[in-house]
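Asker: Residue numbers (the working numbering), protein chains in the order written: chain A, 12 to 339; chain B, 392 to 710; chain C, 24 to 565.
I should point out that these hints are in silico values taken from the structure, not numbers from a laboratory. Among the hints, a few may not be true.
As the list claims (entries may be wrong) - Quick look at which bits of chain B chain C covers, simulated, 3 or more residues with Cβ under 8 Å:
{"hint": "1", "segment": "458 to 465"}
{"hint": "2", "segment": "655 to 664"}
{"hint": "3", "segment": "668 to 681"}
For each residue, glycine too, the CB sits at the ideal point set by N, CA and C.
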Amino acid sequence: MLAFVAQRIAQTGLVMLTVAFVAFAMFHFIGDPINNMVSQDATAEQREQVRRHLGLDDPFPLQFAYFISNAVHGDFGVSYRLSLPVGALIAERLPATLELVFVAASIALLVGMPLGVYTGLYRRGVVSRLLLGLTLVGISLPTFLTGLILILIFSLWLGWLPSFGRGEVVDLGIWSTGFLTASGRRALVLPSITLALFQLALITRLVRAGMLEVLGSDYIRFARARGLPNRLVLFGHALKNTLVPVMTNVGLQIGALIAFAIITETVFQWPGMGLLFLQAIRFADIPVMAAYLMLTALLFGVINLAVDLLYGAIDPRVRGESSHHKGS
Amino acid sequence: MANARTRIAGGTRTRFSAHLGRRLVRGCADQLIDSPATVVALLLAFGFCTMAVFAPWLAPHDTSDVGTLDLMQALRPPVWLEGGDWAYLLGTDDQGRDMLSGIIFGARTSLLVSGVAVLLATLLGTAVGLFCGWVGGRPDAVLMRIAEVQLSFPAILIVLLIDGLGRTAVSTDLHNVAAVPVLIIAIALSNWVQIARTVRGSSMAEKNKEYVQAARVLGIHPAAILLRHILPNIFAPVLVIATLGIAGAILTEATLSFLGVGVPPTQPSLGTLIRFGNNFLISGEWWMTVFPGLALVLLALSVNIVGDWLRDVLNPKLS
Amino acid sequence: MAIVLLLVNLLAAFLASSATAEIFRYSTTGDILGLDPHTNNEGTTNAMKMNIYEGLLHRAWDLSLHPALATQWQQVEPTRWRFNLRQGVKFHNGNTFDADDVLVSFDRIRSSQSDMSYAVGTVSSINKIDAYTIELVTTVPDPTLLLALPAFLIMDQQWLEQNEAMQPVRGTMAGNFANTHANGTGPFRLVERQADTRTVLEPNADWWGEPRHNITKAIFQPIANDATRVAALLTGEMDLIYPVPLQDIDRINRTDHVRTLEGPELRTIFLGFDQWRDESLDMPGSGRNPFKDVRVRRAVYHAIDEQAIARVVMRGAARPAGLMIAPGINGYPGEPMDQRLPYDPAMAKRLLAEAGYPDGFPVTFDCPTDRYVKDEAICTAIVSMLQRVGIRVIPNFQTKTLYFDKISIKGGNRTSFFLLGWTPNTFDVFNTLQNVMTMHPEGHGIFNCGRYSNPEVEQLTVQIQRETDPQKRDALVREAFRIHQEDVGHIPLHQQYLAWGMADTVAEIKQRPFNDVDLRYVVMRSGTAAAAQTSSGGDRKP
Numbered sequence: 012m013l014a015f016v017a018q019r020i021a022q023t024g025l026v027m028l029t030v031a032f033v034a035f036a037m038f039h040f041i042g043d044p045i046n047n048m049v050s051q052d053a054t055a056e057q058r059e060q061v062r063r064h065l066g067l068d069d070p071f072p073l074q075f076a077y078f079i080s081n082a083v084h085g086d087f088g089v090s091y092r093l094s095l096p097v098g099a100l101i102a103e104r105l106p107a108t109l110e111l112v113f114v115a116a117s118i119a120l121l122v123g124m125p126l127g128v129y130t131g132l133y134r135r136g137v138v139s140r141l142l143l144g145l146t147l148v149g150i151s152l153p154t155f156l157t158g159l160i161l162i163l164i165f166s167l168w169l170g171w172l173p174s175f176g177r178g179e180v181v182d183l184g185i186w187s188t189g190f191l192t193a194s195g196r197r198a199l200v201l202p203s204i205t206l207a208l209f210q211l212a213l214i215t216r217l218v219r220a221g222m223l224e225v226l227g228s229d230y231i232r233f234a235r236a237r238g239l240p241n242r243l244v245l246f247g248h249a250l251k252n253t254l255v256p257v258m259t260n261v262g263l264q265i266g267a268l269i270a271f272a273i274i275t276e277t278v279f280q281w282p283g284m285g286l287l288f289l290q291a292i293r294f295a296d297i298p299v300m301a302a303y304l305m306l307t308a309l310l311f312g313v314i315n316l317a318v319d320l321l322y323g324a325i326d327p328r329v330r331g332e333s334s335h336h337k338g339s
Numbered sequence: 392m393a394n395a396r397t398r399i400a401g402g403t404r405t406r407f408s409a410h411l412g413r414r415l416v417r418g419c420a421d422q423l424i425d426s427p428a429t430v431v432a433l434l435l436a437f438g439f440c441t442m443a444v445f446a447p448w449l450a451p452h453d454t455s456d457v458g459t460l461d462l463m464q465a466l467r468p469p470v471w472l473e474g475g476d477w478a479y480l481l482g483t484d485d486q487g488r489d490m491l492s493g494i495i496f497g498a499r500t501s502l503l504v505s506g507v508a509v510l511l512a513t514l515l516g517t518a519v520g521l522f523c524g525w526v527g528g529r530p531d532a533v534l535m536r537i538a539e540v541q542l543s544f545p546a547i548l549i550v551l552l553i554d555g556l557g558r559t560a561v562s563t564d565l566h567n568v569a570a571v572p573v574l575i576i577a578i579a580l581s582n583w584v585q586i587a588r589t590v591r592g593s594s595m596a597e598k599n600k601e602y603v604q605a606a607r608v609l610g611i612h613p614a615a616i617l618l619r620h621i622l623p624n625i626f627a628p629v630l631v632i633a634t635l636g637i638a639g640a641i642l643t644e645a646t647l648s649f650l651g652v653g654v655p656p657t658q659p660s661l662g663t664l665i666r667f668g669n670n671f672l673i674s675g676e677w678w679m680t681v682f683p684g685l686a687l688v689l690l691a692l693s694v695n696i697v698g699d700w701l702r703d704v705l706n707p708k709l710s
Numbered sequence: 024m025a026i027v028l029l030l031v032n033l034l035a036a037f038l039a040s041s042a043t044a045e046i047f048r049y050s051t052t053g054d055i056l057g058l059d060p061h062t063n064n065e066g067t068t069n070a071m072k073m074n075i076y077e078g079l080l081h082r083a084w085d086l087s088l089h090p091a092l093a094t095q096w097q098q099v100e101p102t103r104w105r106f107n108l109r110q111g112v113k114f115h116n117g118n119t120f121d122a123d124d125v126l127v128s129f130d131r132i133r134s135s136q137s138d139m140s141y142a143v144g145t146v147s148s149i150n151k152i153d154a155y156t157i158e159l160v161t162t163v164p165d166p167t168l169l170l171a172l173p174a175f176l177i178m179d180q181q182w183l184e185q186n187e188a189m190q191p192v193r194g195t196m197a198g199n200f201a202n203t204h205a206n207g208t209g210p211f212r213l214v215e216r217q218a219d220t221r222t223v224l225e226p227n228a229d230w231w232g233e234p235r236h237n238i239t240k241a242i243f244q245p246i247a248n249d250a251t252r253v254a255a256l257l258t259g260e261m262d263l264i265y266p267v268p269l270q271d272i273d274r275i276n277r278t279d280h281v282r283t284l285e286g287p288e289l290r291t292i293f294l295g296f297d298q299w300r301d302e303s304l305d306m307p308g309s310g311r312n313p314f315k316d317v318r319v320r321r322a323v324y325h326a327i328d329e330q331a332i333a334r335v336v337m338r339g340a341a342r343p344a345g346l347m348i349a350p351g352i353n354g355y356p357g358e359p360m361d362q363r364l365p366y367d368p369a370m371a372k373r374l375l376a377e378a379g380y381p382d383g384f385p386v387t388f389d390c391p392t393d394r395y396v397k398d399e400a401i402c403t404a405i406v407s408m409l410q411r412v413g414i415r416v417i418p419n420f421q422t423k424t425l426y427f428d429k430i431s432i433k434g435g436n437r438t439s440f441f442l443l444g445w446t447p448n449t450f451d452v453f454n455t456l457q458n459v460m461t462m463h464p465e466g467h468g469i470f471n472c473g474r475y476s477n478p479e480v481e482q483l484t485v486q487i488q489r490e491t492d493p494q495k496r497d498a499l500v501r502e503a504f505r506i507h508q509e510d511v512g513h514i515p516l517h518q519q520y521l522a523w524g525m526a527d528t529v530a531e532i533k534q535r536p537f538n539d540v541d542l543r544y545v546v547m548r549s550g551t552a553a554a555a556q557t558s559s560g561g562d563r564k565p
């Protein structure tokens, strides 16, 4: 087991290196940051000077080598746009994004699972169909539009919730949290709902699909035939078996949440990594983009590992598979 | 020996498709009586497809030709409001583009991009997932790590990368032609991983079940086992993800256009139309958002209901 | 659960709102790039720096020049200017301002890392006469020296030395203390800064001048998304936002407690053509470049209905332009010359036929999507107008980063036809002539992406730089612009309007013709408790 985890950690390291490489290679296609950095009437010579200063005229392998050797030491360089150390910038933004993703994932799971079970059990019921239809409408609108509609309704018309930002945050040393202040919690409501909607619908439908499948299977019929109480059959057997595909997807969806946070954070001016990253793309702020992508790769590696370990816990049959990894 | 195996595999496929056909027909009959909503959704999905195919003949104005846009006709409200014009039933946008025609052409672009992208993603994802789940070991580890690398890149970035590559590789003339294929590939590449992971997870579970073990002992070709036994059993989650994926792909395309890298604004998709209209929501020109938004919801809704229906019909364990 | 939480929060928020301070909250699309007054040259950043730092002169909201850290000045010789410095001025940290600070700042602003060196462009040295008298020596007699000088902001020598910030730095080097901290002599001092989130200023109680503003605190919070920014104004979370998306101006003016403030900006939006390649990028193998023919350029001009663009796309918030510079720029040749060629598609077709293109020709149109007000919509409108006279325009929409990559000198000016905007940041006509309308001598034409080059205009430009007699200079400018108009070197389109949205909490604010807020001119309505609005989120009607 330990060897399996160690191997996965090593693999994650390799993944991060690859991500850094691909990220670096593709920066050559998003444009020259110099134009964004210098005054519009800077001379060609001044531009060259800045380019040299930033090391952008070095050959690509050299630039990459510098970046990696610095990154290993925890130094991701300095943002071209804000002239601030990237490490500090990301550390400042990470809590905002993780809190948003955490709340969104909780909403999606806590609402999506029961909805999935319900609509699976009463699949021909009117309420079920209505609920399914509603989730569909929710996800058929682009995130930027749902976000704006929520702002229109809850900020502009009703005046209940703030339209942008994170409210007041409490600084706990390395972590700034919005959970501890009233304005911070209010600010969380709209962005997290916006971010959760799509995942909520997905989880509902996955759980429903799994329920339908399992309920039709022989062993459930058998269990029922044996006269086991209905509740035990449902929650002891049926739900447990639907969890495998759901777990895979929830793991993946947390990644998707981080990616989609880019849009949500832009609409709500949420001071997280997504907003930072989007602004970095627009500015061709290479150090910020590279660091963001490597961090995302790390998060995904951790999430995937957790999902694989959970797999084993939920479905004992897969456990053999983990040891298989170890063996090969 | 090899011949015999091939024959078995071939036979399996024929039987599987015949089985599928029978289920579809029976499912249709059941549903027609059972759920009018499904019938409506089927008709709607069919309608959208027809609309997309015959857009140039159906649309009152050819909005695919920017030369026909007339600023003088811009910002007309729908015909039933003051200032409306029968020539522009659902009003016009800030460029004088007829909203109805825009929606018809937009649905065409959206369906093309999302449909093809999801098809590609499903094929790729299922193949990789089955392979990984079956073979396991090192190839599985390698492919799954590749998947992780890929997952670390949000769809937005993948499109930026491929778009950038495209712009550098082809001349500007070709770039305008290549914009849509580039988008399709980019969206497909951002979707396959999810399907691969799901298929892999399910097939790993199926692989150890008694019936598969039995088939193996009997010496049935692995391909036959995968196609005949495992694939049908993991088809349900794939279909759910794929149908949701079509709606998702439409939205991804819209989101990309929000970030300025979607289809060219001269050939707007439904998502692009919503993106344009989005800016006019506060100012009160609601028709620029509401109609394309409604079209998008109806399209996604019908595609999804059709997907649900397909799944219910195809699921061997139901009924 | 969520609803209960919400109600509790609302209650708490109501109870907390008792502050009566004149807090001014404002927002624009993006954050400032940093606090170092000598590093970046960008609109929002410059405005923020000038709240904190001061120059020798101050450019007021109406563009007039006033004494700031210098009280008097005098051109003692054609290349020698004497400045008397203000005495008794303190930096925010308590240090005293004197001539040494000016000298250090001069060295700093001329560093290779500084984008602000244009502010002292022709100054070769500054000599200290005594602690409060200095002399500026220029390389050539410079009639426009004072125009750019307000952007030369003065820093504290001692503070720079103590914090090892003698040189401005950017990008990959660490230790940019002056970029994250500030210490000026200006009317406001920095209290707090979180990049991309908030920058908080408070009035400098020891400022030498008489404040016109009445704010006790200013909070700057960028909001990138247009609709969100407008919503934040309408809900009362913001006292001022800019720019207001043009389509929302009406809505804002129809709403009770908010209003807009509009005025023309100094930026001119124009079209440019490739006039140097012998063969157009879009017509490989033909050996022809239609835009080398003035009749084709003129045809394009006649084919564009700028009135329609200004009225529909810009919703009236644009001033159609016939010249490459805006009124208000020093050297502006005057209204009579500021006339566009009439919109006349028939004439356009005739000219195209005359030039040998009766069936038009193909051309790619490079257009940014995130640079100018409504850039994408303007371009789309132009595409359809040109297609109607037979020119087969293929728009190439890109983000500004990619767009500038393609059309800039570094990218080899890989464009045949493009949309661009220009603001002369010295407020003088020479800047536009130098950067946009000429190629020679060396160093000219940095954004002359189509390489329009007429030796007569170039000759005149050199003379304009040197000419000290205002009347003679104006005549030279008029001549240069007349030739450029005849050549159709570029097609000016319009000056976009500034549109700011304000809540009633703001009693008065002065709008300068470039898009930024000078806090010196913000007057809040006394007694309006901004805090109450924040907490209740406003009293909107549906």
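Asker: All hints are to be evaluated individually against the structure, with a verdict given for each.
Answerer: Now the hints, each set against the structure:
no., hint, in the structure
1, 458 to 465, "holds (count 7)"
2, 655 to 664, "holds (count 3)"
3, 668 to 681, "holds (count 8)"
Of the hints listed earlier, there is not a single one the structure fails to meet.
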